[in-house]
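Sequences are here, hints too, so could you generate the full structure?
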Amino acid sequence: MVITQNKIIKWLVTYADILNENKTYLTELDSEIGDADHGINMDRGFQAVIKNLHENREADIGTILKTTAMALISSVGGASGPLYGTLFLEMSRCTEGKVELSKIEWTAALEAGVKGVAKRGKAFAGDKTMLDALLPAVKALKEGTYGTEELPLALQSAYKAAEQGMKDTIQMVAKKGRASYLGERSAGHQDPGATSSFLMLKAASEALV
Amino acid sequence: MIGIVLISHSRKLAEGVLDLAREMGGEDLNIIAVGGVGKNDDSLGTTATSIHDAIEKVFSNDGVLVLMDLGSAVINAEFALEMMPKEKSKKVYLCGASLVEGAVAAAVQVRIGASLDKVFKEAQNSLAAKQIQLGVSELEINNDLPPTLSEIKENEETFFRLVINNPVGLHARPAARFVEKAGSFPKTNIFVTNITRKKGPVSGKSIIRLTALGVRQGDEIQVTAVGDNSNVALEDLRNLLETQINEK
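Chains as they are written, first to last, in the numbering used here: chain A, 4 to 212; chain B, 95 to 342.
A portion of the hints provided could be inaccurate.
[Unchecked claim] With a straight-line cut-off of 27 Å between C-alpha atoms, the simulated BS3-like cross-links for lysine-lysine are:
{"hint": "1", "chain 1": "A", "residue 1": "Lys122", "chain 2": "B", "residue 2": "Lys180"}
{"hint": "2", "chain 1": "A", "residue 1": "Lys69", "chain 2": "A", "residue 2": "Lys170"}
{"hint": "3", "chain 1": "B", "residue 1": "Lys180", "chain 2": "A", "residue 2": "Lys69"}
{"hint": "4", "chain 1": "B", "residue 1": "Lys180", "chain 2": "A", "residue 2": "Lys118"}
{"hint": "5", "chain 1": "B", "residue 1": "Lys185", "chain 2": "B", "residue 2": "Lys212"}
{"hint": "6", "chain 1": "A", "residue 1": "Lys170", "chain 2": "A", "residue 2": "Lys26"}
{"hint": "7", "chain 1": "A", "residue 1": "Lys125", "chain 2": "A", "residue 2": "Lys145"}
{"hint": "8", "chain 1": "A", "residue 1": "Lys125", "chain 2": "A", "residue 2": "Lys13"}
{"hint": "9", "chain 1": "A", "residue 1": "Lys122", "chain 2": "B", "residue 2": "Lys184"}
{"hint": "10", "chain 1": "A", "residue 1": "Lys125", "chain 2": "B", "residue 2": "Lys184"}
{"hint": "11", "chain 1": "A", "residue 1": "Lys10", "chain 2": "A", "residue 2": "Lys179"}
{"hint": "12", "chain 1": "A", "residue 1": "Lys69", "chain 2": "B", "residue 2": "Lys215"}
{"hint": "13", "chain 1": "A", "residue 1": "Lys179", "chain 2": "A", "residue 2": "Lys205"}
{"hint": "14", "chain 1": "B", "residue 1": "Lys182", "chain 2": "A", "residue 2": "Lys125"}
{"hint": "15", "chain 1": "B", "residue 1": "Lys133", "chain 2": "A", "residue 2": "Lys125"}
{"hint": "16", "chain 1": "A", "residue 1": "Lys118", "chain 2": "B", "residue 2": "Lys133"}
{"hint": "17", "chain 1": "B", "residue 1": "Lys133", "chain 2": "A", "residue 2": "Lys26"}
{"hint": "18", "chain 1": "A", "residue 1": "Lys69", "chain 2": "B", "residue 2": "Lys133"}
{"hint": "19", "chain 1": "A", "residue 1": "Lys170", "chain 2": "A", "residue 2": "Lys122"}
{"hint": "20", "chain 1": "B", "residue 1": "Lys212", "chain 2": "A", "residue 2": "Lys69"}
{"hint": "21", "chain 1": "A", "residue 1": "Lys101", "chain 2": "A", "residue 2": "Lys122"}
{"hint": "22", "chain 1": "A", "residue 1": "Lys122", "chain 2": "B", "residue 2": "Lys133"}
[Said to hold, decoys possible] For each label pair, taking beta carbons as the anchor points, the in silico distance ranges come out as:
{"hint": "23", "chain 1": "A", "residue 1": "Tyr184", "chain 2": "B", "residue 2": "Leu228", "range": "46 to 56 Å"}
{"hint": "24", "chain 1": "A", "residue 1": "Ile107", "chain 2": "B", "residue 2": "Glu176", "range": "24 to 34 Å"}
{"hint": "25", "chain 1": "B", "residue 1": "Glu314", "chain 2": "A", "residue 2": "Ala39", "range": "34 to 44 Å"}
{"hint": "26", "chain 1": "A", "residue 1": "Pro155", "chain 2": "B", "residue 2": "Ser154", "range": "52 to 62 Å"}
{"hint": "27", "chain 1": "A", "residue 1": "Tyr149", "chain 2": "B", "residue 2": "Asp211", "range": "47 to 57 Å"}
{"hint": "28", "chain 1": "A", "residue 1": "Ala39", "chain 2": "B", "residue 2": "Ser154", "range": "53 to 63 Å"}
{"hint": "29", "chain 1": "B", "residue 1": "Glu117", "chain 2": "A", "residue 2": "Leu185", "range": "27 to 37 Å"}
{"hint": "30", "chain 1": "A", "residue 1": "Glu99", "chain 2": "B", "residue 2": "Ser154", "range": "55 to 65 Å"}
[Unchecked claim] If we take Cβ atoms under 8 Å as the criterion, some of the chain A residues that face chain B in the derived model are:
{"hint": "31", "residue": "Ser77"}
{"hint": "32", "residue": "Gly80"}
{"hint": "33", "residue": "Gly81"}
{"hint": "34", "residue": "Ala82"}
{"hint": "35", "residue": "Gly84"}
{"hint": "36", "residue": "Arg123"}
{"hint": "37", "residue": "Ala126"}
{"hint": "38", "residue": "Gly129"}
{"hint": "39", "residue": "Gln174"}
{"hint": "40", "residue": "Val176"}
The hints are simulated quantities; they were obtained by calculation from the structure and are not laboratory data. Here the structure is a predicted model, which is why all the values come from computation and not from measurement. Ideal placement from N, C-alpha and C gives every residue a C-beta, glycine not left out.
What follows is the structure, encoded as C-alpha cells:
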C-alpha cells in the first residue's frame, strides 16, 4: 500500500474541512490561554492552501506540500503560520519529485517536518505546544511502520498517540507562545496548537488509507 | 543608508512607531513598517513573506536593523531571514529591543551615521533610560558603562560646564540634537556628566546614556572631550547648547 499524490491532496482537503468545522472550538481553546485566533488563523491558512491546490492538481507530492507551506507562510497571521509552514516545507524537501510514498517514506517525511517545527519554535516536549501531540505521534508511527504494522494501523496508532499527547497538555504549564505569559495559570487548559496537530493526524488516518 | 524594519501584529502600531522614529531620525530615514494580515492588513498578525519583502525594500550593503513586537513576529522575522541568501542575511540584524524604545534609539544612531553594530547595540540597550528614570539602578541594567571620571583628565581645555535651561532638559529632541552633533566628531570621545545630580559621565554619542542622566531644567552639566579636535568639538557643542537648546 502506497500513498499517492491524490491521497496527499485528499489529506489536505480533509484537514481543511475538519479545521473549518472546528474553527470556533480551536478559537475558544485559544481564548482561554492565548490570543483567541488559532481557529481563525488555521482556517484562513487552509482556505488559502485549498485555493492554491486547485492550480497544482497534477504536481508531484513535494510540490503539493511546498505549495501548502507557502500558502500558510504567507496567509496565516499567528505563529501557526511559520510553524505549520515549516512542517510542510520540511516534508516537501523529503518528497521532492515523488508521485507516491511508501509507509517508510511517509514516516521519514513527517519526522523531518516535526523536527523542523521544534527547531523553528525552539520548543521541547512538555512545553505545552503542538509538539506535545506531534512527537508522540511520530514515535508511534515509527514503531508501527518500521515494525510490522501496515499503513492504516500505523496511522491509527499515530492518531491515538497524538490524541493522548493533546490531552496530556491540559496539566502542563506553557513555556512557549502566548500562553507562557500566563505561567502557572496556563495549566488546566488544553493547548490549541496540540489540538490542531491532533486533527491533522486524524485527517491523515482518514485520508491516506 | 542603514535600513530599519518595524514589525508589529498591528499595522497601525507599526506605522505609529514609524512616525515616532521619523521624528527623531529625520524625514530621509530609510525605514519601513510591516504588519497585519488579511484584507488591507486589517487583522492582527505577521507573515514571513511580508517581512521578507519589507527587508528587501530597505536593504543596502550598509545593512538592516529589524525590530519586532512579540510571538509570531519573532518567529516570522527569523523565517524571513532564512529565505534570503546568506551573504545578504548576514547584514540583517534581528534586535530583541522593545519596539518603541528600540526604534527611536536606532533612528537617532542611523541619523548620526553609526555602524550597524552600534545601531544594534544602542537599540538593544534602549530600555535603560526608562528604567533608570523609574528608579532601577543603572548597574542592574548594564555592566557596559563608559569610563569613570578618573579616566577622563579634567583640565580647562577639554571640558566646559553649563546650566541647561530648556524646559524639557536634555531629553528627547534636544538630546537627539546633541548626540547628532557629538556624532559628527568620530575621532573625539565626548562624555557628559550631570553635575547637579551626580550622574555620569556617559557617552555623549549615545542618546540612551545621555537621556539616562536625567538632565532637567536648571541642572548643570559638564561636557568633556578627549582626542583629536576636542577643542573644536567642545566649541561646537557649547554653541549648540547655548544658542539652540537653551532658550534665551
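Evaluation of the provided hints:
1. About 19 Å separates the Cα atoms of A/Lys122 and B/Lys180, which keeps this hinted pair within 27 Å; it holds.
2. Simply put, A/Lys69 and A/Lys170 have alpha-carbon atoms about 30 Å apart, too far for the 27 Å limit, and the pair is violated.
3. Taking the CA atoms of B/Lys180 and A/Lys69, the gap is about 21 Å. The hint holds against a cut of 27 Å.
4. At most 27 Å may separate the alpha-carbon atoms for a hinted pair to count; B/Lys180 and A/Lys118 meet this at roughly 22 Å.
5. For the given pair, B/Lys185 sits about 13 Å from B/Lys212 by alpha-carbon distance, which is consistent with the 27 Å threshold.
6. Annotation: proposed proximity of A/Lys170 to A/Lys26 holds, straight-line Cα distance about 19 Å (limit 27 Å).
7. For the proposed pair A/Lys125 and A/Lys145, the alpha carbon gap of about 23 Å is at most 27 Å, so the pair holds.
8. A C-alpha spacing of about 31 Å is found between A/Lys125 and A/Lys13, which places the hinted pair above 27 Å, so the restraint is violated.
9. At roughly 20 Å between alpha-carbon atoms, A/Lys122 and B/Lys184 fall within 27 Å of each other, so this suggested pair holds.
10. Between A/Lys125 and B/Lys184, the direct Cα distance comes to roughly 21 Å. Compliance with the 27 Å bound is thereby established for this hinted pair.
11. Pair hint A/Lys10 plus A/Lys179 does not hold up; C-alpha atoms about 33 Å apart against a cutoff of 27 Å.
12. For the given pair, A/Lys69 sits about 37 Å from B/Lys215 by alpha-carbon distance, which is inconsistent with the 27 Å threshold.
13. Between A/Lys179 and A/Lys205 the CA atoms are separated by roughly 24 Å; this keeps the pair inside 27 Å, and the hint holds.
14. Restraint check for B/Lys182 and A/Lys125: the C-alpha separation of about 24 Å stays at or below 27 Å, so the hint holds.
15. Restraint check for B/Lys133 and A/Lys125: the C-alpha separation of about 31 Å exceeds 27 Å, so the hint is violated.
16. Between the alpha carbons of A/Lys118 and B/Lys133 the distance comes to roughly 33 Å, so the proposed pair goes past 27 Å and is violated.
17. Straight-line distance between C-alpha atoms of B/Lys133 and A/Lys26 comes to about 19 Å, which keeps the hinted pair within the 27 Å bound.
18. Restraint check for A/Lys69 and B/Lys133: the C-alpha separation of about 24 Å stays at or below 27 Å, so the hint holds.
19. At roughly 23 Å between alpha-carbon atoms, A/Lys170 and A/Lys122 fall within 27 Å of each other, so this suggested pair holds.
20. Our distance criterion of 27 Å between C-alpha atoms is broken by B/Lys212 and A/Lys69, whose separation comes to about 39 Å.
21. In summary, the hint linking A/Lys101 to A/Lys122 is supported, as the alpha carbons are separated by about 25 Å, within the 27 Å threshold.
22. At most 27 Å may separate the alpha-carbon atoms for a hinted pair to count; A/Lys122 and B/Lys133 exceed this at roughly 31 Å.
23. Distance hint check: the CB atoms of A/Tyr184 and B/Leu228 are about 21 Å apart, inconsistent with the given range 46 to 56 Å.
24. As the Cβ distance of A/Ile107 to B/Glu176 is approximately 28 Å, the hint placing it in 24 to 34 Å holds.
25. Distance hint check for B/Glu314 and A/Ala39: the Cβ-Cβ separation is about 53 Å, which falls outside the suggested range of 34 to 44 Å.
26. At roughly 56 Å, the beta-carbon separation of A/Pro155 and B/Ser154 lies within the given 52 to 62 Å, and the hint holds.
27. At roughly 49 Å, the beta carbons of A/Tyr149 and B/Asp211 sit within the given window of 47 to 57 Å.
28. Separated by about 40 Å at the C-beta atoms, A/Ala39 and B/Ser154 break the suggested range of 53 to 63 Å.
29. A hinted range of 27 to 37 Å for the beta carbons of B/Glu117 and A/Leu185 is consistent with their spacing of about 36 Å.
30. For the pair A/Glu99 and B/Ser154, the beta carbons lie near 34 Å from each other, so the given range of 55 to 65 Å is not met.
31. Interface restraint check for A/Ser77: the shortest CB-CB distance to chain B comes to about 4 Å, inside 8 Å, so the restraint holds.
32. Against a cut-off of 8 Å between C-beta atoms, the interface hint on A/Gly80 holds, since the closest Cβ of chain B lies about 2 Å away.
33. For A/Gly81, the shortest C-beta to C-beta distance to chain B is roughly 5 Å, which falls under 8 Å, so the interface hint holds.
34. For A/Ala82, the interface hint holds, the least distance from its beta-carbon to any beta-carbon of chain B being 4 Å, beneath 8 Å.
35. Because the beta carbon of A/Gly84 sits about 6 Å from the nearest beta carbon in chain B, less than 8 Å, this interface hint is met.
36. A distance limit of 8 Å between C-beta atoms decides the matter here; for A/Arg123 the minimum to chain B is near 6 Å, and the interface restraint holds.
37. Because the smallest distance between the Cβ of A/Ala126 and any Cβ of chain B comes to about 11 Å, over 8 Å, the interface hint for this residue is violated.
38. Taking 8 Å as the C-beta cut-off, the interface hint given for A/Gly129 is violated, the closest approach to chain B being about 19 Å.
39. Interface hint at A/Gln174: violated, since its Cβ lies 23 Å from the closest Cβ of chain B, which is beyond the 8 Å cut-off.
40. With a cut of 8 Å, the hint placing A/Val176 at the interface with chain B is violated, because the nearest CB-to-CB distance is about 18 Å.
In summary, the numbered hints that this structure violates are 2, 8, 11, 12, 15, 16, 20, 22, 23, 25, 28, 30, 37, 38, 39 and 40.
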